[in-house]
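Undergrad: Could you build the full structure based on these sequences and the hints that come with them?
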Amino acid sequence: MKRPGKMLREVLSHLTKKPATKKYPAEPIKLPDGFRGRLRFYPEKCVGCKLCMKDCPANAITIEKVGDTFEAIVNLDRCIYCAQCVDSCNKKALEMTKQFELAQIDRRALKVKV
Amino acid sequence: MGTVKIPIGPQHPALKEPESFLISLDGERIKDVGMRLGYNHRGVEKAAEGRTYIQNIYLIERVCGICSHSHSTAFIQAVEEVAGVEIPKRAKYIRSIVGELERVHSHLLWLGVAGHEVGFDTLLMYSWRDREVVMELLAAIGGNRVNYAMNTFGGARRDLDKDMLERILKAVDVLEDRTKYYINIATKETTLIKRLSGVGYISKDDVIKLGTVGPTGRASGISRDARKDDPYAAYGEVDFNVITDTHCDVYGRAVVRLLELMETYKIIRQLIKNIPDGDIAVRFPRRVPAGEATSRYEAPRGEDVHYVKGNGTDKPERVKLRAPTLANLMSVAKMLEDDNLADVPIAIAAIDPCFSCTDRMIKLEHSSGNSEIVTWGDLRKRSIDFYRTQHGIDFSELNKKYRGNL
Numbered sequence: 001m002k003r004p005g006k007m008l009r010e011v012l013s014h015l016t017k018k019p020a021t022k023k024y025p026a027e028p029i030k031l032p033d034g035f036r037g038r039l040r041f042y043p044e045k046c047v048g049c050k051l052c053m054k055d056c057p058a059n060a061i062t063i064e065k066v067g068d069t070f071e072a073i074v075n076l077d078r079c080i081y082c083a084q085c086v087d088s089c090n091k092k093a094l095e096m097t098k099q100f101e102l103a104q105i106d107r108r109a110l111k112v113k114v
Numbered sequence: 001m002g003t004v005k006i007p008i009g010p011q012h013p014a015l016k017e018p019e020s021f022l023i024s025l026d027g028e029r030i031k032d033v034g035m036r037l038g039y040n041h042r043g044v045e046k047a048a049e050g051r052t053y054i055q056n057i058y059l060i061e062r063v064c065g066i067c068s069h070s071h072s073t074a075f076i077q078a079v080e081e082v083a084g085v086e087i088p089k090r091a092k093y094i095r096s097i098v099g100e101l102e103r104v105h106s107h108l109l110w111l112g113v114a115g116h117e118v119g120f121d122t123l124l125m126y127s128w129r130d131r132e133v134v135m136e137l138l139a140a141i142g143g144n145r146v147n148y149a150m151n152t153f154g155g156a157r158r159d160l161d162k163d164m165l166e167r168i169l170k171a172v173d174v175l176e177d178r179t180k181y182y183i184n185i186a187t188k189e190t191t192l193i194k195r196l197s198g199v200g201y202i203s204k205d206d207v208i209k210l211g212t213v214g215p216t217g218r219a220s221g222i223s224r225d226a227r228k229d230d231p232y233a234a235y236g237e238v239d240f241n242v243i244t245d246t247h248c249d250v251y252g253r254a255v256v257r258l259l260e261l262m263e264t265y266k267i268i269r270q271l272i273k274n275i276p277d278g279d280i281a282v283r284f285p286r287r288v289p290a291g292e293a294t295s296r297y298e299a300p301r302g303e304d305v306h307y308v309k310g311n312g313t314d315k316p317e318r319v320k321l322r323a324p325t326l327a328n329l330m331s332v333a334k335m336l337e338d339d340n341l342a343d344v345p346i347a348i349a350a351i352d353p354c355f356s357c358t359d360r361m362i363k364l365e366h367s368s369g370n371s372e373i374v375t376w377g378d379l380r381k382r383s384i385d386f387y388r389t390q391h392g393i394d395f396s397e398l399n400k401k402y403r404g405n406l
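Going down the list, the protein sequences come from chains G and P. Counting along the first sequence from 1, when you hit position 87 you're at 87 in my numbering, and nothing is skipped either side. Counting along the second sequence from 1, when you hit position 57 you're at 57 in my numbering, and nothing is skipped either side.
Just so you know, these hints were derived from the structure itself, not from any lab. Be careful, since some hints might not be right.
[What the hints assert, rightly or not] Subject to a maximum C-alpha distance of 25 Å in a straight line, what follows is the list of computed PhoX-like cross-link-like pairs (lysine-lysine):
id, chain 1, residue 1, chain 2, residue 2
1, G, K92, G, K50
2, G, K92, G, K54
3, P, K228, P, K273
4, G, K111, P, K401
5, P, K309, G, K54
6, G, K17, P, K170
7, G, K2, P, K180
[Unchecked claim] Partial chain G-side listing against chain P, Cβ under 7 Å, derived:
id, residue
8, K6
9, A20
10, G34
11, D55
[Said to hold, decoys possible] Sample of chain P residues at the chain G side, in silico, Cβ under 8 Å:
id, residue
12, I54
13, Q55
14, L123
15, A139
16, A149
17, K188
18, T190
Ideal Cβ positions, reconstructed from N, Cα and C, are used throughout, including at glycine.
TA: This is the structure we're talking about:
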């Protein structure tokens with residue numbers, strides 16, 4: 001039947017239900033398993049081929065040789081969290097973590113050694 | 001009274017993205033609509049020429065915030081055609097499943113926006129709550145809610161395991177139930193029907209003449225869908241109907257989108273039932289041979305066309321993209337003729353516009369025909385001079401101070 005107020009029943013039924021919104025900052029959010037967050041680097045696996053640097057769409061990652069091992073420096077504000085570097089790495093030296101609360105007051109603090 | 005001209009945009013509360021519409025009014029009636037593009041131009045096509053193919057996947061994916069999978073698939077299909085690589089069947093199915101889930105979220109988003117534009121905010125709240133079901137599903141599949149990054153050259157980046165397919169089927173059941181509810185609302189709620197009927201009318205002939213695509217065209221009785229006309233990915237192997245409508249107005253567009261959702265659920269169920277086992281990707285060369293290809297993709301908003309020209313290196317020579325909004329935008333001027341001023345927001349929203357996909361550079365030429373090239377430094381100098389002479393504000397000190405950072 002055509003009539004106005006068709007959604008009224010749905011709206012009223014929600015008076016007794018819990019809110020649909022998440023109380024995110026107050027309660028931690030549940031992230032899916034394959035979430036793409038801040039990078040993690042395993043220096044012992046890296047062979048310094050720099051394929052991740054070559055493929056990074058945002059020029060966010062830099063691999064540097066320090067002594068005998070390698071160091072990965074990531075600009076977290078440039079990183080677009082696409083995980084292409086993880087795919088490009090043949091030695092599985094990079095992985096994505098679930099860490100996503102990366103805001104900083106100072107921009108320089110976003111350039112980090114991962 | 002003579003004609004009154006009212007600018008709507010580039011910054012306007014009724015528009016979600018910056019775009020300029022100059023509306024000539026006779027009383028409340030719209031006589032003419034002028035449009036100006038370019039407020040969101042980001043130079044993506046040019047930027048794509050300076051990046052490698054792999055980097056371009058993520059650049060092209062970010063052309064649009066809603067149909068990210070559509071753009072990246074269209075681009076990747078074109079590159080794969082240039083390289084002559086055939087992707088595994090399972091990858092085709094994965095691409096189609098993600099593409100259809102994207103259509104669900106886009107159409108539910110549109111339903112909410114349309115409700116909001118006509119003052120039916122209850123519809124916005126509830127349809128967006130239900131959209132969360134598919135958003136969370138996409139986040140679980142790809143690792144992110146908006147840019148799923150599921151595509152790569154030669155296939156898909158992540159596999160959909162059995163549990164995930166089960167989860168998709170369960171979510172589709174919930175979404176189908178809710179969509180039926182919204183179809184019931186849209187076809188029975190008299191206030192909504194009365195507000196949307198007759199607004200933004202565009203006849204079948206005009207739709208053909210203006211080259212309108214997607215649900216906007218289908219709502220005027222044009223049965224055109226790239227999934228059916230030129231099947232890509234796994235669409236050749238599924239059975240579905242192209243939804244058309246003869247209302248030719250905003251109401252028709254709402255009905256087409258909602259009924260299309262039902263077809264989408266049908267497609268997802270078939271894809272999951274028939275998904276073959278096997279690899280999800282094949283090796284793809286870093287250097288793509290010389291050649292060119294065009295690819296068509298039915299994005300939620302309409303047909304998306306990508307053109308790629310390779311020159312044998314690891315960077316494309318030319319990338320050209322035609323987003324569906326660019327094809328649909330010209331029809332807005334026709335739709336608004338003789339409508340009321342108050343119909344402008346919903347008539348524009350009814351094509352589901354994405355202006356950042358659409359925006360093109362405008363080249364202004366001297367009347368003498370001489371064009372000039374202005375460098376970035378020149379442009380900066382000119383703007384500093386402009387503010388000094390016209391407004392008495394001197395930015396030169398500030399410019400020196402921040403030059404290194406900008």
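Undergrad: Does the nearest C-beta of chain G fall within a distance shorter than 8 Å of the C-beta of P:L123?
TA: Status holds, d = 7 Å.
Undergrad: Take a quick look at whether P:K228 and P:K273 sit within 25 Å of each other, Cα to Cα.
TA: holds, 20 Å
Undergrad: Next item in the hint list is P:Q55. Is there a CB on chain G closer than 8 Å to its CB?
TA: holds, 4 Å
Undergrad: With a cut-off of 7 Å on the beta carbons, see whether G:K6 makes it to chain P.
TA: Status holds, d = 4 Å.
Undergrad: Are the Cα atoms of G:K92 and G:K54 separated by 25 Å or less?
TA: Between G:K92 and G:K54 the Cα gap is close to 16 Å, so the pair holds against 25 Å.
Undergrad: Quickly compare the C-alpha distance for P:K309 and G:K54 to 25 Å and report which way the hint goes.
TA: holds, 22 Å
Undergrad: Once the shortest beta carbon distance from P:A139 to chain G is found, is it less than 8 Å?
TA: Result: holds, 5 Å to nearest chain G Cβ.
Undergrad: Decide if the proposed pair is consistent with the structure: G:K111 and P:K401, CA atoms, cutoff 25 Å inclusive.
TA: Within the cut-off at roughly 23 Å; holds.
Undergrad: Answer holds if the nearest beta-carbon of chain P is closer than 7 Å to that of G:G34; otherwise answer violated.
TA: holds, 4 Å
Undergrad: Please verify whether G:K92 and G:K50 have alpha carbons no more than 25 Å apart.
TA: Judged against 25 Å, a Cα distance of about 13 Å means the pair holds.
Undergrad: Hint check: is the beta carbon of P:A149 less than 8 Å from a beta carbon of chain G?
TA: holds, 5 Å
Undergrad: Does G:A20 pass the interface check with chain P, least Cβ-Cβ distance below 7 Å?
TA: holds, 5 Å
Going down the numbered hints, you'll see the structure goes against none, and every one checks out.
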